[in-house]
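Undergrad: So you can see what is in the structure, the chains are spelled out below.
2 protein chains.
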Amino acid sequence: MKTGLIGIDWGTTHRRAYLLGEGGVLLEERADDQGLLAARGRFAESFEAVVRGWPREWPVLMSGMVGAASGWQEAPYLEASTPLTSLSRHLVPLNDAPPGRRVLLVPGYRWIGPSGEVDVMRGEETQLLGALALGQADGWVVLPGTHSKWVRLERGVMQGFRTYMTGELFALLGEHGTLAGIVGPEDVPEAFEAGLLAAGRGALSHTIFGCRAKVVTGRMPAAHARSYLSGLLIGAEWVDTRPAPRTVTVVAAGALASAYGEAARHHGSTPVVLEPRAVFLAALASLQEGIDR
Amino acid sequence: MKTGLIGIDWGTTHRRAYLLGEGGVLLEERADDQGLLAARGRFAESFEAVVRGWPREWPVLMSGMVGAASGWQEAPYLEASTPLTSLSRHLVPLNDAPPGRRVLLVPGYRWIGPSGEVDVMRGEETQLLGALALGQADGWVVLPGTHSKWVRLERGVMQGFRTYMTGELFALLGEHGTLAGIVGPEDVPEAFEAGLLAAGRGALSHTIFGCRAKVVTGRMPAAHARSYLSGLLIGAEWVDTRPAPRTVTVVAAGALASAYGEAARHHGSTPVVLEPRAVFLAALASLQEGIDR
Numbered sequence: 000m001k002t003g004l005i006g007i008d009w010g011t012t013h014r015r016a017y018l019l020g021e022g023g024v025l026l027e028e029r030a031d032d033q034g035l036l037a038a039r040g041r042f043a044e045s046f047e048a049v050v051r052g053w054p055r056e057w058p059v060l061m062s063g064m065v066g067a068a069s070g071w072q073e074a075p076y077l078e079a080s081t082p083l084t085s086l087s088r089h090l091v092p093l094n095d096a097p098p099g100r101r102v103l104l105v106p107g108y109r110w111i112g113p114s115g116e117v118d119v120m121r122g123e124e125t126q127l128l129g130a131l132a133l134g135q136a137d138g139w140v141v142l143p144g145t146h147s148k149w150v151r152l153e154r155g156v157m158q159g160f161r162t163y164m165t166g167e168l169f170a171l172l173g174e175h176g177t178l179a180g181i182v183g184p185e186d187v188p189e190a191f192e193a194g195l196l197a198a199g200r201g202a203l204s205h206t207i208f209g210c211r212a213k214v215v216t217g218r219m220p221a222a223h224a225r226s227y228l229s230g231l232l233i234g235a236e237w238v239d240t241r242p243a244p245r246t247v248t249v250v251a252a253g254a255l256a257s258a259y260g261e262a263a264r265h266h267g268s269t270p271v272v273l274e275p276r277a278v279f280l281a282a283l284a285s286l287q288e289g290i291d292r
Numbered sequence: 000m001k002t003g004l005i006g007i008d009w010g011t012t013h014r015r016a017y018l019l020g021e022g023g024v025l026l027e028e029r030a031d032d033q034g035l036l037a038a039r040g041r042f043a044e045s046f047e048a049v050v051r052g053w054p055r056e057w058p059v060l061m062s063g064m065v066g067a068a069s070g071w072q073e074a075p076y077l078e079a080s081t082p083l084t085s086l087s088r089h090l091v092p093l094n095d096a097p098p099g100r101r102v103l104l105v106p107g108y109r110w111i112g113p114s115g116e117v118d119v120m121r122g123e124e125t126q127l128l129g130a131l132a133l134g135q136a137d138g139w140v141v142l143p144g145t146h147s148k149w150v151r152l153e154r155g156v157m158q159g160f161r162t163y164m165t166g167e168l169f170a171l172l173g174e175h176g177t178l179a180g181i182v183g184p185e186d187v188p189e190a191f192e193a194g195l196l197a198a199g200r201g202a203l204s205h206t207i208f209g210c211r212a213k214v215v216t217g218r219m220p221a222a223h224a225r226s227y228l229s230g231l232l233i234g235a236e237w238v239d240t241r242p243a244p245r246t247v248t249v250v251a252a253g254a255l256a257s258a259y260g261e262a263a264r265h266h267g268s269t270p271v272v273l274e275p276r277a278v279f280l281a282a283l284a285s286l287q288e289g290i291d292r
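Protein sequence lines correspond, in order, to chains A and B.
Per numbering that gives the first Met the number 0, the first sequence starts with residue 0, numbered consecutively.
Per numbering that gives the first Met the number 0, the second sequence starts with residue 0, numbered consecutively.
Worth flagging that the hints you see were computed from the coordinates, not collected in a lab.
Cβ atoms here follow ideal geometry from the backbone N, Cα and C, with glycine treated the same way.
Accuracy of the hints is not assured; some may be wrong.
Cβ-Cβ distance ranges computed for the label pairs, FRET-style [claimed, not checked]: (1) R29/B x P184/A: 51 to 59 Å; (2) H13/A x A221/B: 21 to 29 Å; (3) S114/A x P92/B: 53 to 61 Å; (4) A222/B x A136/A: 53 to 61 Å; (5) A221/B x P54/A: 41 to 49 Å; (6) V91/B x G40/A: 18 to 26 Å; (7) D31/A x R41/B: 45 to 53 Å; (8) T246/B x E78/A: 55 to 63 Å; (9) H13/A x S257/B: 30 to 38 Å; (10) E174/B x A254/A: 22 to 30 Å; (11) A254/A x T246/B: 21 to 29 Å; (12) V91/A x P188/B: 34 to 42 Å; (13) D31/A x E174/B: 33 to 41 Å; (14) G199/B x E78/A: 20 to 28 Å.
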């Protein structure tokens, strides 16, 4: 490796930037809320702020929504059949990169299924490369979040993937409409478990009404509704993947890692939890090697 | 029949009041937006406004959310096993009825399933009694709306029912979050049909992401997203009830009646459409007989 690298994970609402020295050593790390929504219309300026003082001659890799049609510059989707290990050969140069800077966008992936179903990811492909670099080349990888992804890998190649609007629905239902008045702040493990169990009992539009039905009939305290709803939404992902895989790689930290770990065990699956930050750094190191070659 | 009757369908956001003469003849009809949310805290005053000038000696029947815990006065749920035809014997007198008025609340129903699942309805029981009075005593009755209900009747007795937050989710997703920017005003029949077809391909939290995935990959015009989403949400109700019943009674009018009729045909089911207003009036006539006896 001849040079260091700057890596930016630039999402819709958040941004994290990493300065990696030669050999992939982490030198510095920055995080802010200058996601797409905040930086739109002034990407160049916002970019300069996050890399200020970092070596101009080191290449910059940006992944996430920054490469969407609504981002700084569109990096067209790769087909799911493109091996993750070849990602470094498909990086897209940013046309209006600041003078002296070499900036490359990591493209997202799209998958078109046999019945015409379509799915897309942008940012998660980098996490998947990191998981691959950390030894997860086969089986199911789950990337929980606003838009959870379930990806099946075979020797580092996606065999298809599915997005679930789990985090987004959880937030929407907690803020607006019928359930908003019920869903409180408490985390109640047994209510989460009950939600996981009920997730298989019909369409999500039906099971989520159960939050209200159980509360108004006095069969569940309102304080349990939040965890029950979380169990229903996360459980729906697992119901979709029946029979549950024997092991599943979960890229998550904190409460999300606990919840998905719990859901895995509930379904008789063994979770292998990888920390998202470590996974992203592993992806950067892997891409760095690819650029150098 | 010795007297006329006043019937009020008092929901969360809307209210309709009917003045029925002896023999069930409709004399006058009023509608306003003084639903629960608007009338809370001043129910008596709001009530007087809608019945102004109507005979004080005629009984008033109120159904819907007005009898919820959050309404004027709670009318406790009946068990699903209570025959609809006995509804007139379970009416709950309003304690602080205006002087000289006899006001009765129609109670809602609750259902507790064999696996502990719980569901509730309030207002729909009156519609079901109306459907029964119009000859629909057996089979599936669907009451589309903000909270769609699927009810299986056997000789006028509910064998269980399910609520789907179809209308609420459709509104929420059109107003907030990822899909809000995509879902436009257009109705596109072939996109609705495509949504019905895709509804069976996984959890709703996954299939609805398809709206976005199809648009950003150029496989569906954004103008189709609204109808596609509608097809996914309505289709999820049908997928839950597979195999589809041979016939299904749909209590709906206008666009909703068309959509559910279309969904029924898509699933090889014959829809029998009943107009909600006619159904409510039939219910009032039926309750009027019960009160008279």
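Undergrad: Now, for every hint given, state plainly whether the structure supports it.
TA: Results for each hint:
1. R29/B x P184/A: 51 to 59 Å: violated, 42 Å
2. H13/A x A221/B: 21 to 29 Å: This hint holds: roughly 26 Å between Cβ atoms.
3. S114/A x P92/B: 53 to 61 Å: Given a distance of about 57 Å, which is inside 53 to 61 Å, the answer is holds.
4. A222/B x A136/A: 53 to 61 Å: violated, 41 Å
5. A221/B x P54/A: 41 to 49 Å: Since A221/B and P54/A have Cβ atoms about 42 Å apart, the given range 41 to 49 Å holds.
6. V91/B x G40/A: 18 to 26 Å: violated, 59 Å
7. D31/A x R41/B: 45 to 53 Å: Hint holds: Cβ distance 49 Å, inside 45 to 53 Å.
8. T246/B x E78/A: 55 to 63 Å: The hint (55 to 63 Å, Cβ to Cβ) is violated, given that T246/B and E78/A are roughly 45 Å apart.
9. H13/A x S257/B: 30 to 38 Å: For H13/A and S257/B the Cβ distance comes to about 43 Å; the hint is violated.
10. E174/B x A254/A: 22 to 30 Å: holds, 27 Å
11. A254/A x T246/B: 21 to 29 Å: Distance hint for A254/A, T246/B is violated at roughly 48 Å.
12. V91/A x P188/B: 34 to 42 Å: Holds, since V91/A and P188/B (Cβ atoms, about 39 Å apart) stay within the stated range.
13. D31/A x E174/B: 33 to 41 Å: violated, 29 Å
14. G199/B x E78/A: 20 to 28 Å: 25 Å Cβ-Cβ, so the 20 to 28 Å window holds.
This entry does not satisfy hints 1, 4, 6, 8, 9, 11 and 13, going by the numbered hints stated previously.
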